[in-house]
Amino acid sequence: MNLYFGDILPFMGEMLTALGMSFGITVASFLIGGVFSVAVYAAKASPVRALSAVASGYIGLFRNTPLLVQIYLIYFGLPVFGINLDVLQASLIALSLNNAAYCAEIIRGGFSSVSKGLVEAGEALGLDAWTIFTRVSLIPALRAVYPSLVNQFVHLFLTSSIASIIGLPELMHAILEINSQTYRSIEVLAIGALLYFASGFLISFVARVAERFLFRWAVSV
Amino acid sequence: MSEEFLGQLAGLLNGAVWTLALCSSAGIAGTAFGFVLGLGQTSSRAILRWPAVVYVTVVRGVPVLLLIFFVYFGVPLLFGVNLDPFLTGFLSLALVGAAYTGEIFRGAIEAVPRGQTEAAHALGLGYADRLFRVIMPQALRIAVPAGTGFLINLVKDSSLIGIIGFVELTRAAKILSNLTLDPLGAFLMAAAIYFVISFVISRTGNAIERRLTPKLGKRARIQESSLTPTGH
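One line per chain: the protein sequences are A and B, in this order.
If you use this note's numbering, the first sequence corresponds to residues 147 to 367, in order.
If you use this note's numbering, the second sequence corresponds to residues 8 to 239, in order.
Incorrect hints may appear among the rest.
In silico contact screen, one side only, chain B against chain A (beta carbon under 10 angstroms); selected entries [claimed, not checked]:
{"hint": "1", "residue": "LEU84"}
{"hint": "2", "residue": "SER184"}
{"hint": "3", "residue": "ASP189"}
{"hint": "4", "residue": "PHE202"}
Label-pair restraints from in silico Cβ distances [to be verified]:
{"hint": "5", "chain 1": "A", "residue 1": "GLY203", "chain 2": "B", "residue 2": "LEU138", "range": "39 to 45 angstroms"}
{"hint": "6", "chain 1": "B", "residue 1": "TYR134", "chain 2": "A", "residue 2": "THR163", "range": "49 to 55 angstroms"}
{"hint": "7", "chain 1": "B", "residue 1": "LEU27", "chain 2": "A", "residue 2": "GLU160", "range": "35 to 41 angstroms"}
{"hint": "8", "chain 1": "A", "residue 1": "ALA275", "chain 2": "B", "residue 2": "ARG217", "range": "47 to 53 angstroms"}
{"hint": "9", "chain 1": "B", "residue 1": "LEU191", "chain 2": "A", "residue 2": "ALA344", "range": "48 to 54 angstroms"}
{"hint": "10", "chain 1": "A", "residue 1": "PHE169", "chain 2": "B", "residue 2": "ARG56", "range": "31 to 37 angstroms"}
{"hint": "11", "chain 1": "B", "residue 1": "ARG217", "chain 2": "A", "residue 2": "GLY203", "range": "23 to 29 angstroms"}
{"hint": "12", "chain 1": "A", "residue 1": "PRO156", "chain 2": "B", "residue 2": "LEU191", "range": "39 to 45 angstroms"}
{"hint": "13", "chain 1": "A", "residue 1": "ALA267", "chain 2": "B", "residue 2": "GLN123", "range": "35 to 41 angstroms"}
{"hint": "14", "chain 1": "A", "residue 1": "ALA275", "chain 2": "B", "residue 2": "LEU191", "range": "38 to 44 angstroms"}
{"hint": "15", "chain 1": "A", "residue 1": "ASP232", "chain 2": "B", "residue 2": "ILE182", "range": "23 to 29 angstroms"}
{"hint": "16", "chain 1": "B", "residue 1": "PHE202", "chain 2": "A", "residue 2": "SER261", "range": "44 to 50 angstroms"}
{"hint": "17", "chain 1": "B", "residue 1": "GLN123", "chain 2": "A", "residue 2": "ASP232", "range": "28 to 34 angstroms"}
Source of the hints: derived by calculation from the structure; they are not laboratory data.
We put the CB at the ideal spot given by N, CA and C, even for glycine.
Use the sequences and the hints to build the structure in full.
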């Protein structure tokens with residue numbers, strides 16, 4: 147069989163635009179889900195039994211069912227309650243909720259890794275709980291979760307391809323569209339794979355460089 | 008419970024059986040290939056190491072859905088054979104799974120302290136004995152939690168095989184929702200079945216981990232935990 151990439155060239159602009167959509171929805175759902183995950187973590191860590199059980203249930207449900215089923219539930223299931231969402235809204239909500247469950251677990255791991263002695267030292271200095279949280283445990287916790295959050299971002303970027311199934315015009319969707327127009331399956335899938343791989347690689351690389359500037363001071367815990 | 012509901016549930020359970028068939032066959036094949044990749048990645052010979060490292064890095068850096076389409080469209084074009092949907096699903100999940108288990112095996116092998124290999128060398132053990140009698144029994148115990156996570160991910164990824172036309176659990180739920188016009192009920196039932204499968208896998212994994220952990224006295228446990236590298 148002959149590989150011929152010439153047929154794909156006219157579609158490169160389309161693919162890059164779609165890549166922009168993939169990246170955009172990843173950033174948006176990472177931010178929305180990230181903020182929500184803090185609330186989920188706070189609920190899970192709270193001494194109120196009911197609240198912590200709801201948070202655990204949420205995390206367990208979203209981490210143990212396929213993202214595709216979650217997308218279907220939101221896109222096809224919510225209209226039963228009269229909530230009609232377009233493809234972009236449904237994808238955004240599904241990816242955000244999914245991401246929040248994973249991030250909540252990551253954050254929990256980060257805070258539990260902060261040495262108890264640091265918090266006790268803060269208490270001994272007479273700091274109140276909020277100051278201890280923001281000035282003592284937050285930075286070491288952030289530093290501990292940073293690599294996992296970067297991994298989760300890349301993972302979210304790759305799994306956002308599943309939103310193509312309900313028709314979100316992101317990279318995977320463009321790949322399938324171009325495939326059905328050109329029949330150059332291997333070529334278009336290879337270029338798509340390269341775009342996904344290179345983007346993920348670039349994101350990790352930039353994040354690693356940024357890490358050096360974000361956490362310059364040394365904390366020995 | 009009405010008869011209608013039971014009929015719907017039976018349709019979904021039939022899909023779930025195919026999900027399990029797909030995942031167990033792809034899980035076994037993927038783990039076998041992943042074992043080879045793990046050995047390759049930890050090999051001291053560059054010619055064995057690099058192909059394994061490249062395979063694992065590339066497959067893990069690309070969406071699973073894209074790889075499924077690659078097998079779906081690519082295998083007939085490259086090899087001139089038409090695979091049925093089950094085989095396409097099996098092959099793509101096994102190839103993806105191998106990259107993930109390959110990484111798990113690499114991590115577990117590297118987590119076994121170097122002194123163990125050196126001691127085995129000093130005792131004059133050959134490659135196979137060093138691998139199967141010294142390294143692997145310790146590495147497997149370390150690999151169990153990650154292996155559990157891998158299986159749960161495999162079950163979740165298998166939902167994507169429905170896209171290429173194989174009727175597994177998610178596809179069965181989609182078909183059911185078109186019949187009953189109740190997508191919420193159909194997908195909630197599917198989600199519940201997925202949850203039960205994951206729950207059973209994670210409980211089994213915990214039990215296996217406990218079985219594999221040697222029962223030591225309190226002092227030995229403390230010593231061991233200070234020696235065992237943590238992390239995953």
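Hint check results:
1. LEU84: holds (6 angstroms)
2. SER184: holds (6 angstroms)
3. ASP189: For ASP189(B), the interface hint holds, since the closest Cβ of chain A sits about 7 angstroms away, which is under 10 angstroms.
4. PHE202: holds (5 angstroms)
5. GLY203(A) x LEU138(B): 39 to 45 angstroms: About 43 angstroms separates the Cβ atoms of GLY203(A) and LEU138(B), which means 39 to 45 angstroms holds.
6. TYR134(B) x THR163(A): 49 to 55 angstroms: For THR163(A) against TYR134(B), whose Cβ atoms are near 53 angstroms apart, the range 49 to 55 angstroms holds.
7. LEU27(B) x GLU160(A): 35 to 41 angstroms: Given a distance of about 39 angstroms, which is inside 35 to 41 angstroms, the answer is holds.
8. ALA275(A) x ARG217(B): 47 to 53 angstroms: violated (37 angstroms)
9. LEU191(B) x ALA344(A): 48 to 54 angstroms: Between LEU191(B) and ALA344(A), where Cβ atoms are some 39 angstroms apart, the hint is violated.
10. PHE169(A) x ARG56(B): 31 to 37 angstroms: Holds, since PHE169(A) and ARG56(B) (Cβ atoms, about 33 angstroms apart) stay within the stated range.
11. ARG217(B) x GLY203(A): 23 to 29 angstroms: Check passed, 25 angstroms falls within 23 to 29 angstroms.
12. PRO156(A) x LEU191(B): 39 to 45 angstroms: Distance hint for PRO156(A), LEU191(B) holds at roughly 42 angstroms.
13. ALA267(A) x GLN123(B): 35 to 41 angstroms: holds (39 angstroms)
14. ALA275(A) x LEU191(B): 38 to 44 angstroms: Holds: the Cβ-Cβ distance is about 42 angstroms, inside 38 to 44 angstroms.
15. ASP232(A) x ILE182(B): 23 to 29 angstroms: holds (24 angstroms)
16. PHE202(B) x SER261(A): 44 to 50 angstroms: violated (35 angstroms)
17. GLN123(B) x ASP232(A): 28 to 34 angstroms: violated (57 angstroms)
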